[in-house]
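Undergrad: Could you build all of it, start to finish, from the sequences and the hints given here?
Position in the sequence shown (first residue = 1) + 7 = the working numbering.
Because the hints were derived from the structure by calculation, they are not lab data. A quick note: this is a predicted structure, and the numbers were derived from the prediction, not measured. Mixed in with the good hints there might be a few duds.
[Unchecked claim] Subject to a maximum C-alpha distance of 27 Å in a straight line, what follows is the list of computed BS3-like cross-link-like pairs (lysine-lysine):
#1 K227 / K204
#2 K388 / K333
#3 K119 / K360
#4 K241 / K207
#5 K388 / K372
#6 K340 / K372
#7 K204 / K241
#8 K204 / K153
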Amino acid sequence: MQDIPKDKLTGALKRGAVKKHVAAIHVSGKLTLLQRKLSNVLLLNAYDTLTQQPSFQMDARTLCMMVGYNSNDFDTLKQSLRGLAETVAEWDMLDASGNQEWGVSSLLSYAKLKDGVCEYAYSPALAEKLSDPKVFALINLNIQRKFTSGHALALYENCYRFHRTGSTGWWSLETFRRLMGVADSEYYESYKHLNAKIIKPAVSEINRNSNIIVEPEVRKRGRAVSDIRFTIQKNPQLSILDLDDGEGLRRAPVYDRLRAMGISDRLARQWLTEHGEATVQSKLDYVAGQGGVKSPERYLAAALRDDYQAAPKEKSAAPKAEMSAKVALRAGKLGRVRDYSAARTPTQRDADKRLFYASLTDTAKRQDFERHGWMSAQNAKAIFAFWEDLYPEIFEGLDG
Numbered sequence: 008m009q010d011i012p013k014d015k016l017t018g019a020l021k022r023g024a025v026k027k028h029v030a031a032i033h034v035s036g037k038l039t040l041l042q043r044k045l046s047n048v049l050l051l052n053a054y055d056t057l058t059q060q061p062s063f064q065m066d067a068r069t070l071c072m073m074v075g076y077n078s079n080d081f082d083t084l085k086q087s088l089r090g091l092a093e094t095v096a097e098w099d100m101l102d103a104s105g106n107q108e109w110g111v112s113s114l115l116s117y118a119k120l121k122d123g124v125c126e127y128a129y130s131p132a133l134a135e136k137l138s139d140p141k142v143f144a145l146i147n148l149n150i151q152r153k154f155t156s157g158h159a160l161a162l163y164e165n166c167y168r169f170h171r172t173g174s175t176g177w178w179s180l181e182t183f184r185r186l187m188g189v190a191d192s193e194y195y196e197s198y199k200h201l202n203a204k205i206i207k208p209a210v211s212e213i214n215r216n217s218n219i220i221v222e223p224e225v226r227k228r229g230r231a232v233s234d235i236r237f238t239i240q241k242n243p244q245l246s247i248l249d250l251d252d253g254e255g256l257r258r259a260p261v262y263d264r265l266r267a268m269g270i271s272d273r274l275a276r277q278w279l280t281e282h283g284e285a286t287v288q289s290k291l292d293y294v295a296g297q298g299g300v301k302s303p304e305r306y307l308a309a310a311l312r313d314d315y316q317a318a319p320k321e322k323s324a325a326p327k328a329e330m331s332a333k334v335a336l337r338a339g340k341l342g343r344v345r346d347y348s349a350a351r352t353p354t355q356r357d358a359d360k361r362l363f364y365a366s367l368t369d370t371a372k373r374q375d376f377e378r379h380g381w382m383s384a385q386n387a388k389a390i391f392a393f394w395e396d397l398y399p400e401i402f403e404g405l406d407g
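TA: This is the structure:
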């Protein structure tokens, strides 16, 4: 996914302001890894209406799952929310008129859990700063789930904000230690210790798990290291996850076979969505093996509609009726999923897909979901269970 809000916060949110001035919003780096992920998901959920609403809501179980808690682990969620409410965000930047502005705010002004819903809010002043897209780094939630170290995620966030410029610019070691949450530790006043325990492990994890590669550079004052910066380049081995259904379908090899047969783009994607890549592939092979077919397109449509088999057998009316009922039920459930998904906000839809994708462990099923989204035939049962968990009433009224 390109530039769509899967945004974040935590770490130190930076933006370039007027001319050479570089301003920053600093958020305490002492957040735990799970607290850091939690703050990112909460901000993503609120981003679309950050300055229009006084508060925001999110299903608590979904929130737990997205950040790696057990879905019923509300005690840990409460502890993390408390930590975010006790964390201070400080900014020092130029406003639109070029005047210096300093401010301070708690990261969350309040948070509460009631009836399975997490409600939370930002102070108006902080929300205004965070709503500026120039302050945001567009960070992929699927990537952040891979991090096991809070220091690595904090460094990734701060580096990714500068991925287009290729360098973070120079930070004093005091600033860097603050961003990493170790400013109060005498142990890390030594660059030797800071490098061994914080910098090297964090750089290694970023380069291994993210879509960028970073390398540290230092500047000395006399013999002592005084400043540090990180060069940034794209990691060609790890591109950002793309769950765009239309583009994913067009990348499937079977899509090219359909188009070569003369099937329209719309119909090809419709068949792949309804039947799945494997089924369409098998029916294409079936049609190709018949020989002398005058209208392969019509024959393929019939093969998909009536489920032609390579070794056709007589089927009684009862099995056919049973199969039709199953197909109708599946189609009805998919329709409900489509409707419920469409009713959610863009950020919620993006979060839903990422949460479900993260639950898949089978490579083939992941690829099928990348191509077909919620219409993925290989993941139908899991998809239905996922949505029924979010909305227990979703399939009411459907037989079976």
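Undergrad: All hints, please: hold or fail.
TA: Against the structure, the hints come out as follows:
1. The straight-line distance between the Cα atoms of K227 and K204 is roughly 20 Å, inside the 27 Å bound, and the hint therefore holds.
2. Our distance criterion of 27 Å between C-alpha atoms is met by K388 and K333, whose separation comes to about 13 Å.
3. Taking the CA atoms of K119 and K360, the gap is near 25 Å; set against the 27 Å cutoff, the hint holds.
4. Simply put, K241 and K207 have alpha-carbon atoms about 19 Å apart, close enough for the 27 Å limit, and the pair holds.
5. A C-alpha spacing of about 12 Å is found between K388 and K372, which places the hinted pair at or below 27 Å, so the restraint holds.
6. For the hint pairing K340 with K372, the CA-to-CA distance comes to about 19 Å; that is within 27 Å, so the pair holds.
7. Restraint check for K204 and K241: the C-alpha separation of about 25 Å stays at or below 27 Å, so the hint holds.
8. A C-alpha spacing of about 20 Å is found between K204 and K153, which places the hinted pair at or below 27 Å, so the restraint holds.
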